[in-house]
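Participant: Chains A and B are the protein sequences, given in the same order.
By the numbering used here, the letter at position 411 of the first sequence is numbered 411, and the numbering carries on one by one without gaps.
By the numbering used here, the letter at position 581 of the second sequence is numbered 581, and the numbering carries on one by one without gaps.
You can take every hint at face value.
In this list, chains with the same sequence are indistinguishable; a pair is considered to hold if it fits within one copy or across any two.
Heads up, simulated EDC-like pairs for lysine to aspartate or glutamate below, C-alpha to C-alpha not over 20 Å straight-line:
no. : residue 1 : residue 2
1   : Lys401    : Glu335
2   : Lys344    : Glu452
3   : Lys344    : Glu454
To be clear, the hints were calculated from the coordinates, so they are not data collected in a lab.
2 protein chains.
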Amino acid sequence: MFEIVRRDGLARLGKFETRSGILETPALLPVVNPKINTVTPRELYDEFGFRAIITNSYIIKNNPPLKERAQAEGLHKMLDFPGVIMTDSGTFQSHMYGEVEVTNEEMVEFQKSIGTDIGTVLDIFTEPFWTKEQTAESIVTTLERTKHACDIKGEMMINGVVQGSIYQDLREDCARKMAVMDIDVHPIGGVVPLMEQYRYTELVDVIISSKKGLNPNRPVHLFGAGHPMILAFAALMGCDLFDSASYAKFARDDRMMFIDGTYRLADMQSLDCNCPACRGHTLESLRKTDKKEREKILARHNLYQITNELALVRRYIREGRLWDLAEIRCRAHPELLNALRRLKEHRTFMELTDPISRDGAMFYTGSETRGRPIFERYRNRLMERYIPPTDKAAIFPDSEKPYSKHYVSDFNKVRTAGYTPIVLSPFGPVPAELDEVYPLAQSLFPQIADRETEEETEEFTEAFLKKMGFIDVRQFGDIEPGEIEYDADLLRAKAVSRYQFGIEATEALFRGKIELVVSRKTGKIRNIISDGEHVLSMRAGDGLYTLRPEGAKRVLKAIPSPKMRAIVMDDAVPYVSNGRNVFCQFVIDMDEELRPMEEVIVVDKDDNLLATGRAQLIKNEVKSLRKGIAVRVRSGNDES
Amino acid sequence: MFEIVRRDGLARLGKFETRSGILETPALLPVVNPKINTVTPRELYDEFGFRAIITNSYIIKNNPPLKERAQAEGLHKMLDFPGVIMTDSGTFQSHMYGEVEVTNEEMVEFQKSIGTDIGTVLDIFTEPFWTKEQTAESIVTTLERTKHACDIKGEMMINGVVQGSIYQDLREDCARKMAVMDIDVHPIGGVVPLMEQYRYTELVDVIISSKKGLNPNRPVHLFGAGHPMILAFAALMGCDLFDSASYAKFARDDRMMFIDGTYRLADMQSLDCNCPACRGHTLESLRKTDKKEREKILARHNLYQITNELALVRRYIREGRLWDLAEIRCRAHPELLNALRRLKEHRTFMELTDPISRDGAMFYTGSETRGRPIFERYRNRLMERYIPPTDKAAIFPDSEKPYSKHYVSDFNKVRTAGYTPIVLSPFGPVPAELDEVYPLAQSLFPQIADRETEEETEEFTEAFLKKMGFIDVRQFGDIEPGEIEYDADLLRAKAVSRYQFGIEATEALFRGKIELVVSRKTGKIRNIISDGEHVLSMRAGDGLYTLRPEGAKRVLKAIPSPKMRAIVMDDAVPYVSNGRNVFCQFVIDMDEELRPMEEVIVVDKDDNLLATGRAQLIKNEVKSLRKGIAVRVRSGNDES
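Bound-form chain A, shown alone (with noise of 0.2 Å):
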């Protein structure tokens, strides 16, 4: 029912199968108050374009006629709206305004009379405020209502919504009880005070510990988060669908959604918009415009602002650049600044699920880049799988990139000499050999640089230096030419090997009497040829390895399952052997390790040699998602 189309870390390209269509994720739902209508349904999915909108069966239940002509008539044409239209139950009027006289039962049974695609819980809403004992009580009860939701939606989806107010245990332990329930989307509640509040901070926890505990076959929904500012930055961390009132209230107070900011019409100085909405509009007519008239202006305004945004920020996944963009969105105030700080901390889990390699090349947009999961893994990977072919360092300063082509005579030198050179990259150090290895060729950094960037470069270069036990560390200026032997190519394509496969895969590959083909244009590694058998293929791309048939034999016979491996049942064998790709649902195991863009050897249950390929999902999300890609596998001559 959710497919993950395309993923950029946990931001993802999701189509998700309602009986009211299929909606394209990230999406934004606007919410249509069912007795004012600012902007009618219709023009919000005609002239906009959504294909979601969001609706409050409380009020609905609650005013009489309105009840009855959503009983008689269903929502869709009540509305008008012919998308995908979800309610909401309540709950938040009762954040809003204490208890609310209804069941979780009555208002379940109200959503399906009405014929709403995507029903709410009647959750309760933890408070920013509350004990943490008062929250792990009140869960207690959303879960049971839930439960009981699911037991009675019938045709209807539903919204189990994750609560725990800013307890991080108490969300992650939720959205795993509300994982294996049978609800449809996962909305993230309790968190418009958050927001109302610029704790953005503790969203980001909020956000991150709901993320490790939902169920990847859901799409997330950031309850109540709808100004364009944040949308870049929530969709990094996992969020699917968002809502917007604000579009509508705004309007209604004369304020104005920019992606900096919302301002009110009263202090504006002048009207630079170009949106259709604006369009032959100046500060001073739109004052002038009848309040009504006006207040439309400034709805459809705001709703531009957001549909241009979110286009944005598909654009951005779509490209795997969405941290560039969402980096730049929290500079526009300091509180989304520090969130984004924080989500440092988040690192590791952010790493699970962060490529391999990107298409482009990574843009460096100031010191907090270096939260970026990419930092964490180089270091972790260097620290692990490295070994130095001498053991004496030469050390070079940064410099225009590929290192190896910038100091070609420098590192012949020291190399001549014993000597392994290093360079002082902002990734840390990086040994000559891996130079061209994505990201650290296809990055991009000032060269003024911020001390962020120099303690923690020293700090683990120190730490590798003393990890890889150099006998000697010294400046490259200072060592004298030699004439010890080497073969710079043969170095580079055993260190790229266990950098990307480990120690133990590289043994097993580069075996017996090694031959690389080397491009004569380029004179890059393209091939690398172990005993006779071409086992791996180097891409000029990224610098990484492509492993060929021959080599994932040699693998699977040296690195027990399921390892570097997706196992996949009977039924997908002959089609996975003719080249076809690895769909979710076919997947019985697979190695929790590979990240996404990985390599993967795609295996049957006696562990036999079906294709290579590679992952577009890691383990988690291949056993949750019915529907999707798992491993783009790779056709007999296909080497990307």
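Got chain A; can you put chain B on it based on the hints?
Facilitator: Chain B in isolation, oriented as in the chain A frame:
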């Protein structure tokens, strides 16, 4: 001819008077190819609102039919453009294709003959790869030609192009020599190769060194800069005019400009643009559109990106927040971020024009924010003008602002023990007495500090504690209350005065019996009465003083001229005495240490008090500008 209407540091909203109307700056001049009009000049004027364009007189001169028409009809009629027309002289052609076969005199005369509003000297393009000698020699020629062009320009305005390649001293020297010539616009030339090669740090040096020498009375044109990505940053450094040929060139190559970069239509995966040109198009429909038609759509798209960003730049200047925008924009590319970091090196120069207070709060966007001159200023003033009331210091960690409210009882406790409370803020040490001064209270930082902030703050605190000669420094928690009496309001009143006006002026202002008028509602200081005279009023907004006439008289007696003064001509005396603003052309002299928005005492040439007010411009500007307000004078009861 050039009036500064509003300013934000070096950035300015200006009005430039030409014979074809007033051009509001910052402005961008689309480059119009006299042979091909992707978008017609009339459309540029009517649809996009461009009030000035640039075209190439050298191309016109070398095309006999065009030449004939231009000389017969004049450029305005030939191009059908009612606004300002600037022409280029062939210099850029010489950079592109080598020598051009015309003389400077021919080109100037030709430009006059076709009715150009602003012509350009045939200067020599200084290439970034030239030696310093070669560059210096060519500048001699450029200066001679410029001098000659000024002599023969007649009614036409003239561009005198600053050259000097990447040599800062040559740029500044060239600018100084240009500044005293009779030219009308100051283009900064020879920068296209730097921009093409992403050498933005050198561009920063080039712009700043030019600005140091240039005449503030003329708009500064960054020749060849037109990508929306760079406009905010260039405006921040004081560039007023830009031009763009790229909007059309890129369109011809199927490339679309966006604020985050330029994308090829072929590479794009979706079209996420709501601009009037793209509206209604999908990526597919655009790709299928006939080449000629598509070129026009893309050119219009590119122009809308430019007008959008320019409008935003104007808005941020108006709001005094251009640093925020520029700091965000510079994160689109690591080389731009590097350039932003480079700008920190020029903070002493930037400080000269940085306003003493701004209307809104200061937002921290990343460690680069520390390069803003306000940090430097705070440090200098604190070190030079602060006198600790006791010889013991109590250290407090950063907290919610204002500190004196958050720490009210702790401040009291340590003061009764003879300690002066010092809060370690991201600005450095903040004594309790100064905590409400702009921007100490009116700023927002992320709570998770970067190392830059941590270390610079620590280092500054150490230097401060040492300089102040405290004999005892301890954490506030380690201090037991004592019984010493103190007057917190009086301490604040004096400390703010010293910070704002210096130690000497404060001696004069706080003489004899001091009474403080405190707001009953807010508890904040409002007025200072010294020996029965109302000398100062404190503004709630920025925590700084308004100088009252009685206070001004004290300062005049105590501090020698021209300190804290603007001295006006006799002609202006009656007007200024009546509360009219001081216009630049009437100022004889002015204290060069006054910064924008500082209190100024306006006097006649015999040092008689005429009025008090706030500086809008600094001395260097006031002396050069022929129009505009130098000091905004305060009428009787106006305390703003």
